[in-house]
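Residue numbers for the sequence shown, in the numbering used here: 1 to 339.
Hints are not guaranteed to be accurate.
Claimed, not checked - Pairs of lysine-lysine residues, derived as BS3-like cross-links and limited to a Cα-Cα distance of at most 27 Å, are as follows:
(1) K167 - K154
(2) K182 - K248
(3) K165 - K27
(4) K289 - K274
(5) K55 - K27
(6) K55 - K339
(7) K307 - K339
(8) K285 - K256
(9) K274 - K48
(10) K289 - K128
(11) K165 - K154
(12) K80 - K165
(13) K128 - K225
(14) K182 - K307
(15) K55 - K167
(16) K285 - K274
(17) K225 - K135
(18) K248 - K167
(19) K339 - K48
(20) K165 - K248
(21) K307 - K285
(22) K48 - K27
(23) K248 - K128
(24) K80 - K27
(25) K55 - K154
(26) K154 - K182
(27) K128 - K27
(28) K165 - K289
(29) K80 - K248
(30) K48 - K307
(31) K339 - K154
(32) K27 - K289
(33) K154 - K285
What the hints assert, rightly or not - Label pairs and their computed distance ranges (CB to CB):
(34) A255 - R338: 35 to 41 Å
(35) K165 - R338: 33 to 39 Å
(36) M204 - R269: 55 to 61 Å
If you are wondering where the hints come from, they were derived from the structure by calculation, not from laboratory data. All values derive from a computational prediction rather than experimental measurement. Just so it is clear, CB atoms sit at the ideal spot from N, CA and C, and this is done for glycine as well.
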Amino acid sequence: MNQWLAAAPAFLMLAAGTPAFSQAGGKLQMNVGTVAPEGSPWHTVIQKTRDEWAKATGGGVALRVYAGGVLGDEVEMIRKVRLGQLHAVGLSAVGLASIEPGALAFGIPMLLDSYEEFDYVRDRLAPKLEALLEKRGFVTLQWSDVGWVRFFTKTPVRTPDDLRKLKLFTSAGDPEAERLYKELGMQAVPLSVTDMLPSLQTNMIQAFDVPPLFALLDQSFALAKHMLDLRWAPLPGATLVSRRAWDKVPEEQRAKLLQLSRAAAERERAAIRKLGEDAVVELQKRGLKVVPVDAAALAMWRSEAEKAYPRMRGRLIPADLFDEAVRLRNEYRARQGRK
1 MNQWLAAAPA FLMLAAGTPA FSQAGGKLQM NVGTVAPEGS PWHTVIQKTR
51 DEWAKATGGG VALRVYAGGV LGDEVEMIRK VRLGQLHAVG LSAVGLASIE
101 PGALAFGIPM LLDSYEEFDY VRDRLAPKLE ALLEKRGFVT LQWSDVGWVR
151 FFTKTPVRTP DDLRKLKLFT SAGDPEAERL YKELGMQAVP LSVTDMLPSL
201 QTNMIQAFDV PPLFALLDQS FALAKHMLDL RWAPLPGATL VSRRAWDKVP
251 EEQRAKLLQL SRAAAERERA AIRKLGEDAV VELQKRGLKV VPVDAAALAM
301 WRSEAEKAYP RMRGRLIPAD LFDEAVRLRN EYRARQGRK
């Protein structure tokens with residue numbers, strides 16, 4: 001139990017007037033924001049990256065990390081990066097998609113069944129995504145896992161029609177995604193992720209989809225005590241730095257710092273995945289009810305997801321990246337002797 005308490009969100013005071021970028025005595029300081037709760041494994045990855053950078057540069061390049069969304073939600077932090085008020089940001093695929101829609105190709109609903117499939121697809125798509133992000137002014141420092149998205153609801157949900165009866169949280173800032181949800185008959189309520197808890201309390205929303213570990217760390221599960229036992233989609237994340245800030249790092253240090261960033265994320269990957277599975281057990285100890293999915297219900301959810309694919313392709317996700325994700329999934333399954 002102590003590990004969960006230690007990873008609980010903590011309020012971080014942000015002093016007014018923090019300099020956007022400091023460069024004194026040949027030393028650089030970059031400010032990094034994330035909505036990941038302070039002490040969470042995603043926060044830990046960035047902290048370990050910070051420590052590795054400090055060691056490799058003799059303190060010449062320092063990262064100052066602001067966790068728990070104290071600098072705003074993902075869309076707001078991206079805006080601050082573009083204005084030069086923030087230099088780097090840890091994002092989920094939802095935040096990444098507000099920069100480059102192709103990031104959603106990693107998490108097409110019900111396309112992937114396992115981390116093995118996910119790794120195969122991501123490892124081969126990531127270079128293309130990184131090139132697209134760089135064209136938009138961002139350098140990808142590292143990729144991370146957030147976990148498998150599952151539906152948390154105030155009342156038990158077993159089928160897509162059950163979910164249609166509830167007001168469902170969706171991330172604000174993507175009107176196309178909101179329209180798609182509504183076309184599929186969902187009662188989508190677009191909100192900032194920082195407004196999700198208050199909206200659950202007031203019944204403005206009655207359902208949301210996040211990885212179990214996130215629901216445990218931010219305590220949102222306490223307001224929605226039912227979880228559908230369905231892996232809806234994997235949710236990756238990444239830490240990005242603005243090209244403008246990255247160019248201030250001495251050129252001879254960049255390759256090493258990039259390598260250290262990726263190694264830090266890779267070292268934590270297995271632990272984060274295990275924590276994600278352990279989180280379900282811990283949530284059940286705290287009163288969460290896991291709603292089983294039988295074969296008939298699973299077929300309904302798969303049909304529901306696949307029905308949305310033509311609407312997603314070329315509309316939410318660039319057609320070439322959507323097609324490549326499907327092709328890579330099929331390629332992996334063929335190698336494993338699966339259809």
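Each hint tested on the structure:
Proximity of K167 to K154 is assessed by CA-CA distance (about 10 Å); at most 27 Å being required, the pair is judged to hold. About 45 Å separates the Cα atoms of K182 and K248, which puts this hinted pair outside 27 Å; it is violated. A threshold of 27 Å between alpha carbons decides the hint, and for K165 with K27 the separation of about 55 Å lies outside it, so the pair is violated. Between the alpha carbons of K289 and K274 the distance comes to roughly 20 Å, so the proposed pair stays at or under 27 Å and holds.
Restraint check for K55 and K27: the C-alpha separation of about 13 Å stays at or below 27 Å, so the hint holds. A C-alpha spacing of about 48 Å is found between K55 and K339, which places the hinted pair above 27 Å, so the restraint is violated. At roughly 19 Å between alpha-carbon atoms, K307 and K339 fall within 27 Å of each other, so this suggested pair holds. Note on K285 and K256: the hinted pairing is violated, with a Cα-Cα distance of about 43 Å set against a maximum of 27 Å.
Between K274 and K48 the alpha-carbon distance is near 19 Å, which keeps this suggested pair within the 27 Å criterion. As the CA atoms of K289 and K128 are separated by approximately 40 Å, the hinted pair breaks the 27 Å bound. Only pairs whose Cα atoms come within 27 Å are accepted, and K165 paired with K154 is accepted, the gap being roughly 11 Å. Distance hint between K80 and K165 is unfulfilled; the C-alpha atoms sit about 37 Å from each other, more than 27 Å.
Our distance criterion of 27 Å between C-alpha atoms is broken by K128 and K225, whose separation comes to about 39 Å. Straight-line distance between C-alpha atoms of K182 and K307 comes to about 14 Å, which keeps the hinted pair within the 27 Å bound. Using a Cα cut-off of 27 Å, the hinted pair K55 and K167 is violated, with the two alpha carbons roughly 48 Å apart. Between K285 and K274 the alpha-carbon distance is near 17 Å, which keeps this suggested pair within the 27 Å criterion.
For the hint linking K225 to K135, the alpha-carbon distance of about 42 Å lies beyond 27 Å, and the restraint is violated. Restraint check: the Cα-Cα separation between K248 and K167 comes to about 46 Å, which exceeds 27 Å; the hinted pair is violated. Proximity of K339 to K48 is assessed by CA-CA distance (about 40 Å); at most 27 Å being required, the pair is judged violated. Our distance criterion of 27 Å between C-alpha atoms is broken by K165 and K248, whose separation comes to about 51 Å.
Distance check on the hinted pair: K307 and K285 sit about 36 Å apart at the alpha-carbon level, beyond 27 Å; violated. A C-alpha spacing of about 19 Å is found between K48 and K27, which places the hinted pair at or below 27 Å, so the restraint holds. Proposed proximity of K248 and K128 is supported: the alpha carbons are some 24 Å apart, at most 27 Å. Distance check on the hinted pair: K80 and K27 sit about 22 Å apart at the alpha-carbon level, within 27 Å; holds.
For the proposed pair K55 and K154, the alpha carbon gap of about 47 Å is over 27 Å, so the pair is violated. Simply put, K154 and K182 have alpha-carbon atoms about 20 Å apart, close enough for the 27 Å limit, and the pair holds. Taking the CA atoms of K128 and K27, the gap is about 32 Å. The hint is violated against a cut of 27 Å. Of the pairs offered as hints, the one joining K165 and K289 holds, with about 19 Å between alpha carbons and a cut-off of 27 Å not exceeded.
About 18 Å separates the Cα atoms of K80 and K248, which keeps this hinted pair within 27 Å; it holds. This hinted pair does not check out: K48 and K307 have alpha carbons roughly 42 Å apart, beyond 27 Å. With a CA separation close to 36 Å, the supplied pair K339 and K154 exceeds the 27 Å bound. At most 27 Å may separate the alpha-carbon atoms for a hinted pair to count; K27 and K289 exceed this at roughly 51 Å.
Straight-line distance between C-alpha atoms of K154 and K285 comes to about 17 Å, which keeps the hinted pair within the 27 Å bound. A hinted range of 35 to 41 Å holds for the C-beta pair A255 and R338, which are about 38 Å apart. Remark: the range hint 33 to 39 Å for K165 to R338 is upheld by a beta-carbon distance near 35 Å. Range check, M204 to R269: about 35 Å between beta-carbon atoms, so the 55 to 61 Å window is missed.
Of the hints listed earlier, those the structure fails to meet are numbers 2, 3, 6, 8, 10, 12, 13, 15, 17, 18, 19, 20, 21, 25, 27, 30, 31, 32 and 36, in rising order.
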